[in-house]
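Peer 1: Please build the complete structure, drawing on both the sequences and the hints.
Under the numbering used here, think of the first position of the sequence shown as 1, with each following residue one higher.
To be clear, the hints were calculated from the coordinates, so they are not data collected in a lab.
Here are the in silico distance ranges between beta carbons for each label pair:
1. Gly193 to Thr5: 26 to 36 Å
2. Arg25 to Leu176: 26 to 36 Å
3. Phe110 to Glu89: 17 to 27 Å
Think of the CB as a built atom: it goes at the ideal place given N, C-alpha and C, for glycine as much as any other residue.
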Amino acid sequence: MRTVTLGRTGITVQKNGFGALPIQRIPADDAVRLLRRAREGGITYFDSARSYTDSEEKLGLAFGGAWDGIFIATKTPSLSTEGFWKDLETSLSLLKTDCIDVYQFHNPPFCPKPGDGTGLYEAMLEARAQGKIRFIGLTNHRLDVAREAVESGLYDTLQFPFSYLSGEPEHSLVKLCAEKNVGFIAMKALSGGLITHSEAAYAYLAQYENVLPIWGIQRESELDEFLSYINAEPSLTDGVRRVIELDRSQLTGDFCRGCGYCMPCPQDIEINTCARASLLLRRAPTNIILSPAGRAKMEKIKDCVNCGHCKSKCPYGLDTPALLRRNYQDYLEVLAGKPL
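Peer 2: Below you can see the structure in the form of structure tokens.
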């Protein structure tokens with residue numbers, strides 16, 4: 001398998017990162033087994049966050065005291081220095097380590113910089129001086145914030161959504177990171193589950209020498225797919241290109257990426273599922289949307305009061321209430337036996 005170096009950090013790993021958000025959904029014993037299998041299979045970059053409930057704790061159970069050869073990245077969502085230090089100390093304790101390789105601001109609405117009055121970037125510098133972190137990163141869903149971070153020269157890594165559904169602005173961002181020697185970590189490489197062909201997703205991202213995809217993994221079958229690519233790397237065959245073009249024709253445009261930053265909804269609507277119902281119905285109807293639990297979620301859309309809370313928080317500028325209504329209509333048509 002080819003490797004990728006994360007810009008000026010010098011961190012070099014296989015082009016297979018482990019996104020540890022999904023392991024919060026499985027029991028601790030299963031998570032530990034999955035994480036250790038990933039390491040044994042050759043994955044050495046693991047990405048978590050303080051916001052991912054018990055993800056860091058499970059990583060600590062799997063690797064605590066045995067981090068040699070493993071790179072750990074995690075994040076703080078805090079916008080205060082007090083919260084920053086609390087999050088950092090909590091992460092170090094749960095991960096059972098003295099130092100985090102890549103510590104990232106988690107989707108801040110602005111780009112923290114020295115002298116901006118928040119003290120956040122200064123806290124990062126102090127944490128590095130104390131030896132508690134090695135490199136400074138930022139994750140985001142906003143192109144303007146991401147570009148500002150890369151161009152500032154202050155950040156060693158950027159984590160941003162990138163897949164074969166991405167457009168020209170995202171491709172330009174990848175290129176900018178290469179020019180500025182900033183490591184590019186691709187989140188949402190499967191577009192929040194909308195991309196179901198991991199072979200195509202991997203082959204597409206393999207074209208970009210400076211991109212490290214982190215795959216959200218919670219099942220051994222999913223892990224097996226990505227581990228299999230170590231010895232049999234997928235390529236952009238004509239068949240794979242046809243898969244990509246078909247998905248692009250169906251999935252590009254104003255669609256919900258499932259990032260969840262519009263949540264929680266005041267009316268308790270699970271927006272990051274319901275606003276993608278039309279797309280999910282084309283892929284796993286019985287397992288997700290048309291199950292009893294899925295129907296209950298969709299029916300909650302009728303409680304929407306169009307307050308604009310979700311719309312104001314969407315980093316992609318979507319008209320989320322209108323998107324929910326369209327998806328609800330598609331759901332009703334499928335219930336009535338009509339094809340989408």
